[in-house]
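Number of protein chains: 4
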Amino acid sequence: MGNTFGQVFRITSFGESHGGAVGVVIDGCPPGHRIDLDRVQGWLDRRRPGQSHLASPRAELDRVECLSGLVNGITLGTPLTLIVRNQDMKQDHYSDLQDVYRPSHADFTTDVKYGLKAPSGGGRASARETIGRVAAAAVAEQVLAQLIPGFSVLGFVDRVKDVQADVSKASTYTRTDVEAHPLRCPDEKQRPAMEKLIVEAQKAGDSVGGTIFCGIHHCPAGLGEPVFDKLEADLAKAMLSLPASKGFEVGMGFASTYLYGSEHNDAFVKEGEKIRTATNRSGGIQGGISNGEYIYLRVGFKPVATIFKDQQTVDRQGRELTMKPKAGRHDPCVLPRAVPMVEAMAVLCVMDHFLRQLAIDAARGPHKI
Amino acid sequence: MGNTFGQVFRITSFGESHGGAVGVVIDGCPPGHRIDLDRVQGWLDRRRPGQSHLASPRAELDRVECLSGLVNGITLGTPLTLIVRNQDMKQDHYSDLQDVYRPSHADFTTDVKYGLKAPSGGGRASARETIGRVAAAAVAEQVLAQLIPGFSVLGFVDRVKDVQADVSKASTYTRTDVEAHPLRCPDEKQRPAMEKLIVEAQKAGDSVGGTIFCGIHHCPAGLGEPVFDKLEADLAKAMLSLPASKGFEVGMGFASTYLYGSEHNDAFVKEGEKIRTATNRSGGIQGGISNGEYIYLRVGFKPVATIFKDQQTVDRQGRELTMKPKAGRHDPCVLPRAVPMVEAMAVLCVMDHFLRQLAIDAARGPHKI
Amino acid sequence: MGNTFGQVFRITSFGESHGGAVGVVIDGCPPGHRIDLDRVQGWLDRRRPGQSHLASPRAELDRVECLSGLVNGITLGTPLTLIVRNQDMKQDHYSDLQDVYRPSHADFTTDVKYGLKAPSGGGRASARETIGRVAAAAVAEQVLAQLIPGFSVLGFVDRVKDVQADVSKASTYTRTDVEAHPLRCPDEKQRPAMEKLIVEAQKAGDSVGGTIFCGIHHCPAGLGEPVFDKLEADLAKAMLSLPASKGFEVGMGFASTYLYGSEHNDAFVKEGEKIRTATNRSGGIQGGISNGEYIYLRVGFKPVATIFKDQQTVDRQGRELTMKPKAGRHDPCVLPRAVPMVEAMAVLCVMDHFLRQLAIDAARGPHKI
Amino acid sequence: MGNTFGQVFRITSFGESHGGAVGVVIDGCPPGHRIDLDRVQGWLDRRRPGQSHLASPRAELDRVECLSGLVNGITLGTPLTLIVRNQDMKQDHYSDLQDVYRPSHADFTTDVKYGLKAPSGGGRASARETIGRVAAAAVAEQVLAQLIPGFSVLGFVDRVKDVQADVSKASTYTRTDVEAHPLRCPDEKQRPAMEKLIVEAQKAGDSVGGTIFCGIHHCPAGLGEPVFDKLEADLAKAMLSLPASKGFEVGMGFASTYLYGSEHNDAFVKEGEKIRTATNRSGGIQGGISNGEYIYLRVGFKPVATIFKDQQTVDRQGRELTMKPKAGRHDPCVLPRAVPMVEAMAVLCVMDHFLRQLAIDAARGPHKI
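Chains as they are written, first to last, in the working numbering: chain E, 8 to 376; chain R, 8 to 376; chain H, 8 to 376; chain C, 8 to 376.
Everything labelled a hint here was simulated from the structure, so no lab data went into it. Some hints could be false.
[What the hints assert, rightly or not] SDA-like cross-link-like pairs, simulated, lysine to any residue; straight-line CA separation at most 25 Å:
1. Lys277(R) x Gln324(E)
2. Lys375(R) x Met330(E)
3. Lys316(R) x Glu270(E)
4. Lys375(H) x Asn79(E)
5. Lys196(H) x Val174(H)
6. Lys124(H) x Lys203(C)
7. Lys124(R) x Cys73(H)
8. Lys281(C) x Arg326(H)
9. Lys316(R) x Lys196(E)
10. Lys375(H) x Arg326(C)
11. Lys375(C) x Val276(C)
12. Lys124(H) x Glu278(C)
13. Lys203(C) x Pro56(C)
14. Lys124(E) x Gln153(C)
15. Lys375(R) x Ala369(C)
16. Lys210(R) x Pro56(R)
17. Lys124(R) x Gln153(R)
18. Lys196(E) x Tyr265(R)
Pulled out of the complex, with its shape left as it was, chain E reads as follows:
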């Protein structure tokens, strides 16, 4: 269970990292939209490991294939299924770890939950599972581009360990700025220090974490439901469902908790006929509902659990042992690849809430209070 996300734009993710394929079924994709599969492939390429010296060398091609839901590139309104075959299955790589609970991985908890050892590579806990989400978001983004003029989502690496990028210009960065370097941090000044941290961690067989910043431009006002399905609540769930994420904040987030109310409140002002906020400390969401301003959020990712140092652990037979991992596939820092994942979850949240709101708008009665 728990492999479906969304209420109206509903995606179901499937596939283990070392099975036949990973993929997604999108139920609720509106009909009549043109979907460019090359654009979907572009998203997947950004998510893919092995893009640079900073990431895992797993040499997958990750070619997306559409099984249903499109005819001549146009959505039918029926379930749109996208898969990526698994090709680079070096199971032996992990074979000596089959029965070892790797520290801070999902091996132990998966065994407790399902009564079986996930095959090497981690089953559903692998970052490879995110292919389905990213592919679905790449579809959603194309539909939203048609339905909401100016809509876009942009994430970037905000901090690597203790090296913080300048986010004061976050809302002005472009995809080109971000993609200019495989690290996916648009701050050229901080980038070298970040890169150094990652390269040195890799040399040391260690890993580093950090944060991703993500902004949503031109999200219409009115999205999000007032109680459990607040827009920030669904964004929080979306982000914490990503592998290795440990924290989430929206708008000023935890920093807002250090302010007085009088310092944090966003005054309303007129801009022509439009009602806007003079500041945007709320991050574009008030009372769980978007207010039409720029939405921004931050997601914290722990240093990934796979490291190449000796670690104490226990195996499936309950024997204590010291794991001495040989070098293998290894992302010393998940952050650059996490950028499209964070963007994907943001797009999926907006898409779902946008469709939910369309029904409310269309069914609204004539009375005012």
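Since the structure of chain E is provided, determine the placement of chains R, H and C on it from the hints.
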């Protein structure tokens, strides 16, 4: 929409702050459990405003009434409905604000979304909406106490503005420690400074925010689903669905992002026959699934938006104006009352995932891999 | 579980027949619609027992009360909660049956399922549970009347035991025709024979069943989803969820299975600019989707299980015995009261699918295939 | 939307009849069960067209492929994905019908709903869509066989047009009896007349309908929820979601509506220590919950809409015309192939409710009422 939380233990919240009643329907409560309504009332009393000089003087009695689902105090397995009548309806209190969009409240977004002005008191965005959640959690907690030996949840005020409590002993605090003072912070040393901040903010017509720490003791291993419904993802959603919350972290959270993997990983060790972790930086959840260790998390609450200072804003007719609020109901700091709300959402998450896992456990096949 | 119906217009029913109240929470009711609670009461009055000599003498007032979701009679878009207090609680009436499994009632299955004896009156299996559904439908009908010009639903008693009404004019009958007589059969010629059957069954302490015919006028084309949520599939579930229903058919239903395809197919024709069918054997639904024609269906209700004759059975302690019921509350025929229940479920299905389709319509892309 | 069925054992169907593949994702399949894909293939072979002279000559191989969820034939508890590639894509076959609304097909309603013409073969309305359901049921059946001793489901052709099989021995028929003849009617006496009807309809370019009878052996007592998700309600939805089905009845169904209550009630008796019913007119379900007896139901299928006779219709451009179909793929009678479809939906209903009940059983409290 969006008024239902949970998959198997499914609660539906209803009621505006100034309508006839607020309440909750619980669908999926297991049969045959004794529920003490006085205990439910106890939870509601902790959530209620007006408990001390630190909180809003709204003098509600908030007596819980059970409409269905219990016979002689025993759950029937049918929908359990709890309501609290609204009694203290001083609508005039807000009457001069009827058409003003209060800064950083939900007035504007609610108007955009539903095409109507939320009645005074804020409709569903009011903290009063949380009565239903807390009542439902008070039921869930009694069922869980029966099903999971030792299970308990304890929250407390962790930080007010920049005054931080000592959390190094968080897992040893008791409810008595927390309830010893209306501020609900068990750290006696920091409490006076916290109290001073709140009292001064109130005098200044201002507000302060901070963080709540919440721990879950004796959560069984195996709860949470590997992909979208990770235990921490559902906890994140639960917490961000609370009014005024802006951030969430689990385990070491954002602090973990400053560590190397070798500093963060939790080694597995044997404790008798039991497999445990030597450290608990993960916060009791790995790969989205509980590992049997102490679960802990932190929620950030912004300073509440209601302040008694002049603020620039716009009214419903699009006129810019300066709001000059008269003194009214006003919590200068939501944190003490947010403690039972955070606990409630934690209990509801565990209850739902516990029931979900029961079916998996019971249906497990004989084969191992 | 299983107390919620609908995806977008989602109702949650609660309440036992002899608890504090029965009622419903409607989540997803569009904002800005005027709801006349007298009209809701009118629906409930039609559903209520004791309306005539043909029905149970249970003298409930069944006054509807609104707890949330309305301000000045206008929907807020928030959960709309309606309850009816239980007042006429003659528990003693059944007290000698507390431990007896009444044949063809839910007593035995409820005990197996929940491990407890449903209190007298039958708990959730009682027809009184349908109050929530009927109240919700009375709200939905008022919203649909605003959104779909000409929309209406009309049910009537189609057959009592083997006395069949003339349905050749079904689509022309009016509510006045149906309500002209407490039997709710608009066919004046067959009504006396039906009435005789019911009166004689009552005298004999026995019961009779039959069928309800229900028509939906001016349902827009395009409602219903092609696979599992076909419009007729959701109607079938809706109807079979009513107490005592045992069969469902749509359009010509089982009668269609005796025809050749060439006799059953509905030719398409033009009527002005509109595409219509020359005949309507499909009953207004093709491929699970409404085609804009008159929708009609039939629901079969068994003779109710409560009879006043000696019956062999077993009690909770496993002892065989002969039940010798004293006269009590007793509807010898559920059909007249089932008319508003069937109408209610039809309205709820259309309302939900209408809102679902609004989102698809609004999000449709520009491309055709 | 509407491509997902079930709450806990949740299947999502995808694929058009002429796209890349059709298939299903099963979310919620319990871990540790051995699944024999050959057995899944066996179910699909029974569903496949072209099995005999009685059915469509479409020569598909329909080989099932597993993309995820199994390792070495054992379920992982993760989403289990099964697909069947589409191979026999004679689109030209229908090319001259591209713009014609075939009478009583889904062409017109699909166009209204989605604003686009489904490609030839009917998109999701095609019987080929049922591959996913049947494959999922073939998995569920193997899990249920492990969890419920003696569990089995058996359907057969009950009536072709007006030729009725003897169902008095329905509960004693075996799969061998049913599969002995491609017509899938175990009544040897009536089979020739049924066959004659079908063969003659085919020769005449016409089609015939009829009914399927389906029985469920050894369904545990206690399955089904008391209100909306009654076992018969979910069965009704399941069956009416099959292409061409127009009616459903459970137990004595419509026949029960001709009886007196005293003739229909099922007396309880003891059989050793077990409580059973002396008769089984209810069909194994009382108050929406299974009582442990044999469950039986009947589904009515209209004569299929595809016939080879001239028919009046309208095309997409709104022109009236006479369709003069050339001979093509054509099942003159869907009934033999509908047998495994009906069985599949029955299995899926039981599987889902069985898992739902496991959680209730496991979480039951100690108190009795």
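Straight-line alpha-carbon gap Lys124(R) to Gln153(R), limit 25 Å: Judged against 25 Å, a Cα distance of about 45 Å means the pair is violated.
Does Lys316(R) pair with Glu270(E) here, judged by a C-alpha cut-off of 25 Å? Roughly 11 Å separates the two Cα atoms, so the pair holds.
Restraint status (C-alpha distance of Lys281(C) to Arg326(H) at most 25 Å): Judged against 25 Å, a Cα distance of about 11 Å means the pair holds.
When you check the alpha-carbon spacing of Lys375(R) and Met330(E), does it fall within 25 Å? Between Lys375(R) and Met330(E) the Cα gap is close to 23 Å, so the pair holds against 25 Å.
Need the status of pair Lys210(R), Pro56(R): alpha-carbon distance at most 25 Å? 18 Å, holds
Checking one constraint from the list: CA of Lys375(H) to CA of Asn79(E), max 25 Å. Satisfied? OK: Lys375(H) and Asn79(E) at ~10 Å, within 25 Å.
Need the status of pair Lys375(C), Val276(C): alpha-carbon distance at most 25 Å? The given pair, whose Cα atoms are some 23 Å apart, holds under the 25 Å limit.
CA of Lys124(E) to CA of Gln153(C), is that 25 Å or under? With a Cα-Cα distance of about 21 Å, the restraint between Lys124(E) and Gln153(C) holds, given a limit of 25 Å.
Does the alpha-carbon distance linking Lys203(C) and Pro56(C) stay inside the 25 Å limit? 19 Å, holds
Next pair to validate is Lys277(R) with Gln324(E); report whether the Cα-Cα distance is within 25 Å. 11 Å, holds
When you check the alpha-carbon spacing of Lys196(H) and Val174(H), does it fall within 25 Å? 12 Å, holds
Please work out if Lys124(R) and Cys73(H) have their alpha carbons no farther apart than 25 Å. The given pair, whose Cα atoms are some 20 Å apart, holds under the 25 Å limit.
Of the numbered hints stated above, those contradicted by the structure are hints 6, 9 and 17, listed in ascending order.
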